[in-house]
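Q: Work out the full structure: start from the sequences and follow the hints.
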Amino acid sequence: MRRSITTPLLIILLGCLLLARNLLDDFSVWELFAQEWPWLLVAAGVLRLAEHALAAARDEPGPGPLGGGALVLAFLLCCVGSLAHAVDRAVSAEGFGVHWADFGWFDRTHDIPVEGTWPAADVKTLRIEGFHGDLEIVGDGEDSIRLSGSRRVNDSTLERARAASEAQPIRARREGDALELRLQGHSARRFAGDLTVHAPRALALALSEGRGELRVRDFDAPVSIKTDGEVELERVAGAVELELEHGRRVVAEGLGGALTVRGSTREIKVRDAAGPVSIGGKLFGEIEIAEVADLQIRDRRLTLKAPGRVSGQVVLDGNDLSLEGLDGGVELEANGRWEIAAKGLGGPAKLQGQRGSIEVLLDATPPASLTARLDEGEIHAELPAGGDYQLEARGAHVDSDLPDLAGEPDRDLRLVRGGGSAKIVLDAGRGRVRINALP
Amino acid sequence: MSSTAANVAAVPTLLIALGTLFLLDYRLGAHFSKTWPAVLILAGLLRLMGWGRR
Numbered sequence: 001m002r003r004s005i006t007t008p009l010l011i012i013l014l015g016c017l018l019l020a021r022n023l024l025d026d027f028s029v030w031e032l033f034a035q036e037w038p039w040l041l042v043a044a045g046v047l048r049l050a051e052h053a054l055a056a057a058r059d060e061p062g063p064g065p066l067g068g069g070a071l072v073l074a075f076l077l078c079c080v081g082s083l084a085h086a087v088d089r090a091v092s093a094e095g096f097g098v099h100w101a102d103f104g105w106f107d108r109t110h111d112i113p114v115e116g117t118w119p120a121a122d123v124k125t126l127r128i129e130g131f132h133g134d135l136e137i138v139g140d141g142e143d144s145i146r147l148s149g150s151r152r153v154n155d156s157t158l159e160r161a162r163a164a165s166e167a168q169p170i171r172a173r174r175e176g177d178a179l180e181l182r183l184q185g186h187s188a189r190r191f192a193g194d195l196t197v198h199a200p201r202a203l204a205l206a207l208s209e210g211r212g213e214l215r216v217r218d219f220d221a222p223v224s225i226k227t228d229g230e231v232e233l234e235r236v237a238g239a240v241e242l243e244l245e246h247g248r249r250v251v252a253e254g255l256g257g258a259l260t261v262r263g264s265t266r267e268i269k270v271r272d273a274a275g276p277v278s279i280g281g282k283l284f285g286e287i288e289i290a291e292v293a294d295l296q297i298r299d300r301r302l303t304l305k306a307p308g309r310v311s312g313q314v315v316l317d318g319n320d321l322s323l324e325g326l327d328g329g330v331e332l333e334a335n336g337r338w339e340i341a342a343k344g345l346g347g348p349a350k351l352q353g354q355r356g357s358i359e360v361l362l363d364a365t366p367p368a369s370l371t372a373r374l375d376e377g378e379i380h381a382e383l384p385a386g387g388d389y390q391l392e393a394r395g396a397h398v399d400s401d402l403p404d405l406a407g408e409p410d411r412d413l414r415l416v417r418g419g420g421s422a423k424i425v426l427d428a429g430r431g432r433v434r435i436n437a438l439p
Numbered sequence: 001m002s003s004t005a006a007n008v009a010a011v012p013t014l015l016i017a018l019g020t021l022f023l024l025d026y027r028l029g030a031h032f033s034k035t036w037p038a039v040l041i042l043a044g045l046l047r048l049m050g051w052g053r054r
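Protein chains in written order, with my numbering: chain A, 1 to 439; chain B, 1 to 54.
Simulated from the structure, these hints should not be mistaken for lab results. Computed from a prediction, not measured in an experiment: that's the story for all the values here. Take these hints with a grain of salt, some might be off.
[To be verified] Covered by chain B, according to a simulated footprint, are these stretches of chain A (three or more residues, beta-carbon under 8 Å):
#1 27-41
#2 48-54
#3 71-79
Glycine residues also receive a C-beta, built at the ideal position from the N, C-alpha and C atoms.
A: Structural data, given as structure tokens:
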């Protein structure tokens, strides 16, 4: 009987995961296990079937059949995995607890209707705390606050689920000119909801202790949100402040005031914002910012400032950074390896990196100044063959196909076109500079 | 399917089914508390095909 390869493969996988944890900053074995552990069952089953199929095809004895021990191990894995998944979903900086009912395999999910109406004539701020699941907040012209929808309660029977929900009602409390709605009770048991709140559009919003999907639209006053879930903002005229503990996704469109995003999140998409946009914290995943003003992005890997209008877009995905249509110019300082591409720069541009590449595409009228520096790597620039600029290019190797410099590789290249009013410096340090003439 | 083949394939098939149900729960929201009887049905089918016979 052949020995199975499943165990050695599991040991190799465990080694790879622990190695990745040690080498990569944003890699969490715990988070990966909590979300992906069922693949272990699938992989173990597929591997075993493949081994038997291979042995049968070769007419060799395969590994012995799996017995009850394997099923017991699988059951234990299901228990640990479900617990890890429930904890991963429930744990947050706000201290949400975990209730056994959160991972009851044999419970049913019951939708328990909830609703409430509160006068808002003299209310200036609406505070909502403890939202789980889906919450949509819509601004309108009425003078009351109306909540409707349902709570999703896991329990063995509808009666028990209803009783559990009624034991923890949604509580409203006045505090000065603010109305506070608490969507969760004091118990460790949390109810995800599918709720909609309609409120006067002039109210300021303060939302905290959130997870799940939050959607806010049609408000005129400032909005502040503290959550570790997803946030969608649409047509908010006041300033918006977002604080994300373990945010999953932020999408904002049609903002009239400033947008400030702090904390950690996986994906940010902002389009059409009139005020300054400032994003800072621990960013991993994709950031896509288009048609905004005065953009600032700051995390431990890069600092980017784009004053003035961003008529194009800034896209950051892993180690790729694309800058396009920055009308007021840009100042970028990037640490580590980056692949940076820039075009449509309308103002002074300073791009500084350590390793990787910088690719700059300049049109017929280059910005007043452009400096691209790398410690090592490659700078590739496409410049107009004619025009009005002075160019300095330095690196271990500089080559160009500009008409009068073609075929003259050098370490240091200087060139003046027209009056030389725009100043372009390309410095690749120990790397290479490549200059092509625009067609 | 012969009883030997069913014996050999039964537990791996059940493992794959269990993993798939949990993945459906986490990815598509098909709660395991609703879908778990599918494992029993599969175990019954495997038994009919010869699992456990010598």
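Q: Does each hint hold? Answer for all of them.
A: Going down the list of hints, with the structure as the test:
For the stretch 27-41 of chain A, the stated coverage by chain B is satisfied: 6 residues place a CB nearer than 8 Å to a CB of that chain, which reaches the threshold of 3. Residues of the stretch 48-54 of chain A lying with their CB closer than 8 Å to a CB of chain B number 3, which satisfies the three-residue condition for coverage. Counting residues of the stretch 71-79 of chain A whose beta-carbon sits less than 8 Å from any beta-carbon of chain B gives 3, enough to reach three: the coverage restraint holds.
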